[in-house]
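Protein chains in written order, with my numbering: chain A, 2 to 229; chain B, 60 to 549; chain C, 190 to 807; chain D, 8 to 120.
It cannot be assumed that every hint is accurate.
[Said to hold, decoys possible] Partial list, computed: chain A residues near chain D (C-beta under 8 Å): (1) G15; (2) V29; (3) V36; (4) A51; (5) N52; (6) M80; (7) P127; (8) M224.
[Unchecked claim] Short, incomplete list of chain A residues facing chain D, as computed with Cβ under 10 Å: (9) A7; (10) V32; (11) Y40; (12) G44; (13) G68; (14) F74; (15) L75; (16) G81; (17) A82; (18) L84; (19) Q132.
If you're looking for bench data, these hints aren't it; they were derived computationally from the structure.
Note that CB positions come from ideal geometry on N, CA and C, so glycine has one too.
Each chain is listed here by its residues.
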Amino acid sequence: MRKAIAVLFLGFIGYYLLSTFLLVPFGVVRVLEGVGLKYLQDGLQQTGAANLVTSIVVNYRGFDTLGEVTVLFLAATGMGALLYSKRPTERARQNASVIVKTGARILFPLIIILGAYVFIHGHLTPGGGFQGGAIIASGFLLMFMSYRTYHVNHVILSRVESSAGSVFVIIGLLGLAYGSSFLANILPLGTANTLFSAGVIPLIYVAVGFKVGAELTALLDTMLQTVK
Amino acid sequence: MYLDPVLMIALPLFAAFLIPPLARISKGLVKYVPVLIIGFNLYETVMLLPHSMVKPVIVIIAAWAPPLGINLTIGPLGNVLALIISLVGFVVAVYNIRFVEEEPNEKYHMLFLLLTAGATGMVLTGDIFNLFVFLEITSISSYALTAFLRDRDGAEAAFKYLLIGSMASTFILLGIALIYATTGTLNMAQIAVRLKDVDPRIAIMALILLITGFGIEAEMFPLNGWAPDAYSQAPTPIGAAFGGIVVKAGVYALARLIYTIFSFQGIFHFILIAGIITLLIAEMSAIRQKQLKRMLAFSSIGQMGLVLIALGLATTRGVEGGLFQMFNHAMIKPLLFLSAGYLVFYSGSKNIEDMDGMGRVKPLLSFFFAFGAFAILGLPPLSGFWSKFIILSETISHGFIAVATLALFGSIIEAVYYLRVVGRLYFKAPHDGAKVQYVPKSALVAMSILALITLVTGLYPDLVMTYLKPAAAELIDKSIYIKAVLSAGL
Amino acid sequence: METIPFILSILFGAAVLAYLVGKFNYILKVGVSIVGLIWAGWLFLGLQGTLSSFTFKMLGFDIIWRINPLSWLFGMIIFGLAILTAIFSGSYMKGKERVDFYCFAMCITVASMFGIVVSGDLLSFFFFWEIMTWSSFLMVIYYRYEAQAAGLRYFVMSMIGAYAMLTALLIVYAQLGSFLFDVLSAGWSGFSLTLQIWLFVLFVIGFAVKAAMMPLHTWAPDAYTISPAPFTALFSGALSKMGIYGLALLFFVFGAGKLASSVITIQGVSLPGYILAWFGAITALLATFKAIVQDDAKKLLAYSSIGQLGYIILGFSLSSSMGVTAGLYQAVNHSIFKGMLFLAVGAVFYRTGTRKLSEMGGLITRMPYTFFVVLLGIITVAGMPPLSGFTGKWLIYEALIEKHLIFLAVVAFGASTAAFLYLYRIIFTIFLGQRPKRFDEVKEVPWMMRAPMLILALLTVYLGFYPYQLLDLINQAQVYMGIAPFDLSHSMLFNSYGNVSTITVMNIVAVVFFIVFILFNTLYKRSRKVGLKDIHTSGEVPGEEINLHYAVDFYQPFARGVSIFLKRSVSKIYASLADNLEGLFDVMRYVYTGNGQTYALFVVIALAFLFLVKDFLV
Amino acid sequence: MIYYVAAISLILIGIYAVLVKKNMIKIVLGLTLIDSGVNILLVSLGYVKDKTAPIFSNPTLTAGDMVDPVPQALVLTAIVIGVAVTALALSIVIRIYDHHKTLNINKIRELKW
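Using the sequences and the hints, build the whole thing.
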């Protein structure tokens, strides 16, 4: 019964959604005056970042990203609050095989380095703080899965989270103090396509990278600790 | 003299990031952080009022003028709502000082701070995707806070809320996608300008998707299934914050959509009808509730129904009434929730029938509850009277006499269930099990602030109305908003 | 400072102050409220004949507070009664709990009633009307435990009435763009006939609830019974008059009376007025029947009050010069005698602790002053010469006969006659007959309570002699309302059916009274006193536990006779209606099934629905 | 166009799971499906035929050669939000499981009417 109703109404919605989206032509430039085009035209000169997605994420729409970081922070905090217990119960994890363990030990530093690379070069190549952070967290996930007793230090994670988040806001506030507005760029843009370019973008992305890495790791750790 | 308004969002986030280290230094200090930060927000919003009333204050972020960058647009409407949110947030934060003993309470304060910051961001931002991001901040902190207490069915309520909330964000994203695909911009003012040239078949779909999404936050029937559960299971101050903060932001988004961004006329009738249905169903459901906070939750939905009616009228006076109702509801419903919280605590039960005789045991608390009940019923000289009066007057002026009659019918139902509770508080013999403890001073201060505001605005409604008039004008005449934003870009 | 807002602030200030200082000292809080009321009343007295007005704007609405002869008349009823009851309460409430609350609600009620009569616009009228509703509600629920159901019923009925009125006045605003009475009276005739009828019905519902007109009276008996005695006097005497005041406004200031010209008239009375007159007459009759079978003294008086208000409505709805005079006169009069009767019953309750008629008796020697007050009171209610009630009743009959409304006159006369039954009951069972032993030590009430009752009693005597001053005031009000003043000279009431000189009537009565008094006194000396159990039932002496009080089943045969009228209680119909509605609401809330998936499904359905109707949303 | 169909199908499948599946973990998976669908839709809206990623990695590229970067930036944000919601949803499910010892959503109806 419920299935039938669900299918019926979803069919309805699907039909209307599709017929509407089909009115939007696919694969062509639709709006000539759109902000997207402006970013493409002026982005490189204005922000100095070769990767325009990064310049949008961190600079033009940096406020969104601050919100985004906050959302992730919220999720970590929320999980911490929800799964809080005075004496965390350890889940009976199985030790992985020797191959996995050894592989993990070798791969772990490499993964971390890759993650760091991705977020440090966020303004030059595809990638950025979020991606790099996710890679770092995946490294920790690998370690969690391989070693039964692998632990991360909560205090350190939390400190990294807090300080990285604060750095983001402080950079923004410095923009307010020394520049024209919150999150405004206060550093020289440098030449595009070099590591030290694009003003504050790399700084913010490094902070985001640390923060995301720490937060995702904390998420994993929280869930592992309380599941019985 | 005001500081850069972006601090109203940046500071709470900053403080939230810093709370974990602070908590390690001193746990006792954390609970004062929200009071301080939201107090600052309150100061900012008050100081901004004279400026925003004259002309919307545009705050540029990251040095990019709109539409390139994100900007905060603090018009009269946004400012008034930010004021409401900060005020409720401040009061609830004061109340929180002694309320939350459960661990990990530094996380609780952090989440609450972010909830307020998110809602403030929602009403201030001028960018539709940024609005979405702040909506998510608000709702994610709400999910977490709903499930915060362990001894209740909070998790269940939170799951329902999350389920529906995620669907809301899906629809909103789809709507934003449609808008971006056709207008090529995310700035609300520019969208409003460009939507004129967009195929109305697409625009109406975008509007429907967005309305459904924000309607969930604004508790529109039948999208409000989450509300009674979440209100009643969340810690009491959070129930108050839902009524005073989250819903207000949702309604703001709704109003911004239908008035400023889109210009479809038929949608107003839909909002009007949705409003009256919401009101009636909520009041009918409330009358047979056994739990006090659940009853308050339904009542809150009913009040939002009244606001929706006012917004659906699409007249200056109607919108003024609706905003006034929002203001009143934001003052009164927290008052009811906060007093109910301690009533529940001292009687040791959530059920209405166990509230017997609390008027004897806790006279001041019961007084605040009764005061709030009278105010929300719209009895003069309390503030609820004026907003109800204006809304009904405007409804009848536009020929919707049936709607007004039904709304009045709802009010009578409301009177019955509120007075039943008030009657129980004062007219039944108290149970033995009632705990006799002192209510913390901070809670009493919080409730007194709200009660005082309710009384003063009731006696002198023009005090608030002076500021609501430009806000309503901003909604009705969208060119004010659009011109202010786009001229900042030049 | 302007006088009117100053009086209002005195009253509200007294309320708050009484509440605040109430925590410390009993005399202080009662003193504050009494002084506040007297001060305000004194200032108000000085406003007679002036056309003082005060205007300001609130939320863009014009607000006007003003005094005119009509409002001055009603204002004096309020203040007179309020001051007397406040003094009475000073002694009555001593030692009771929550006196601060009592004083607060009392002052607020008076302030709101004052606000109602000085309102020159519908907005402030409604504003004060609502304040009056909740403040009197606070009084009704003063006795915590028993009062909840009665209080809730009172409040809900009042809300229904108030909201009917609100709808009407908002429609007026929608039509005219102003809440001012003046604008309304100018604009009323421009409304379409249907609209006029709707507005009329809505306003009448609003006012009739407060005036306890059948079938909207069901709150009154319980609410009157349950509220503290001094307040009941104010409730019945002044608060219910606000409904009458509203009707007066509706007919003669708003211009609903003009409806007469455009609708069918019956014997010179417009159809709405005619229907209303029947409502009034039936209210008078049925309430009297109800009153007769009551055993609770206050309930009896409550029904009596409903009946008397029926008379007043009857007078008003005729819209003739004499009818309105009769209505207004009876309104003032009713305030006086119902005030004194309720106070007297309160005084008896104060000393005996019971309101049950079947438990009292023979108190005449213990409480002679109270007896005297009740005696004068019932004579007034009955409308017998020489006291003030006579003039009122006489005017009503004359007005009915003048319009050739014979049936109405018969009904009204029947009700009046039947009223003797309950009036006799109340004085006989309380004060005459044998006294139960436990009341042997009962003392008369203190002077602070005696004085207000006596003042009211003397007022009825005075008005019996000289109704002219009051009639003169009423005439001024009538001129303001646009009705030809009633023809009177210094001691004569003129009309087409003959003239009455109250002085002559008074003289005759005095002589008759004197003769009867002497006769009675000489005969009384030879009578023998009989105890309550001093009877023989087949040789058995009835034990202590058997209640042989003569007031048990006092009017049993009569009750059987009229049971056909009393069987179908309107309040039962309302109760079952309310129950059924609640049952319906209960079904509605099952929409919230508790299943998160169902809620999600609702969202999907809503979205699909919106998609479906999207063409209407453009 | 096929992207539209695929994305909308993903959304619908996700909603279907949310509406019909009894296991709460599956419902949460449904939510992530919805998220993915929306993200794909967003990205495909920004796609322009024969154009490349918006990165000036070599000097020959000009603005005309690139796809719209804004949807990509939005998707980045949307993904992170999706992750956050999923994480929170899972922790709520853990709490519910601790309390009720079941994952069947029909059995968890303490709050109703």
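Next item on the list: Under 10 Å, Cβ to Cβ, is where A:A82 needs to be relative to chain D, so tell me if that hint holds or is violated.
Entry: Holds - the Cβ of A:A82 comes within 10 Å of chain D, reaching about 9 Å at its closest.
Next item on the list: Could you check if A:V32 really has its C-beta closer than 10 Å to a C-beta on chain D?
Entry: Hint holds; A:V32 Cβ to chain D Cβ min 9 Å, cut 10 Å.
Next item on the list: Have a go at the A:Q132 hint: is there a Cβ in chain D nearer than 10 Å to its own Cβ?
Entry: Hint holds; A:Q132 Cβ to chain D Cβ min 9 Å, cut 10 Å.
Item checked: chain D contact restraint for A:N52 - C-beta distance below 8 Å -> holds, 5 Å
Next item on the list: Tell me if A:Y40 is really an interface residue toward chain D, meaning its C-beta lies closer than 10 Å to one of theirs.
Entry: holds, 6 Å
Note to self: Less than 10 Å between beta-carbons is the criterion; does A:G68 satisfy it with respect to chain D?
What the structure shows: holds, 8 Å
Next item on the list: Double-check A:L75 for me: the hint is only fine if its C-beta lies closer than 10 Å to a C-beta in chain D.
Entry: It holds, given that the least Cβ distance between A:L75 and chain D is near 7 Å, below 10 Å.
Check: Holds or violated: A:M224 as interface residue toward chain D, Cβ cutoff 8 Å?
Finding: holds, 7 Å
Next item on the list: Answer holds if the nearest beta-carbon of chain D is closer than 8 Å to that of A:V29; otherwise answer violated.
Entry: Result: holds, 6 Å to nearest chain D Cβ.
Next item on the list: With a cut-off of 8 Å on the beta carbons, see whether A:M80 makes it to chain D.
Entry: holds, 4 Å
Note to self: Is the interface hint satisfied for A:G81? The criterion is a beta-carbon contact with chain D at less than 10 Å.
What the structure shows: holds, 9 Å
Notebook entry, point to check: Any CB of chain D closer than 8 Å to the CB of A:A51?
Noted result: At about 5 Å, which falls below the 8 Å cut-off, the nearest Cβ of chain D leaves the hint on A:A51 intact, so it holds.
Checked against the numbered hints listed earlier, the structure breaks none of them; every hint is satisfied.
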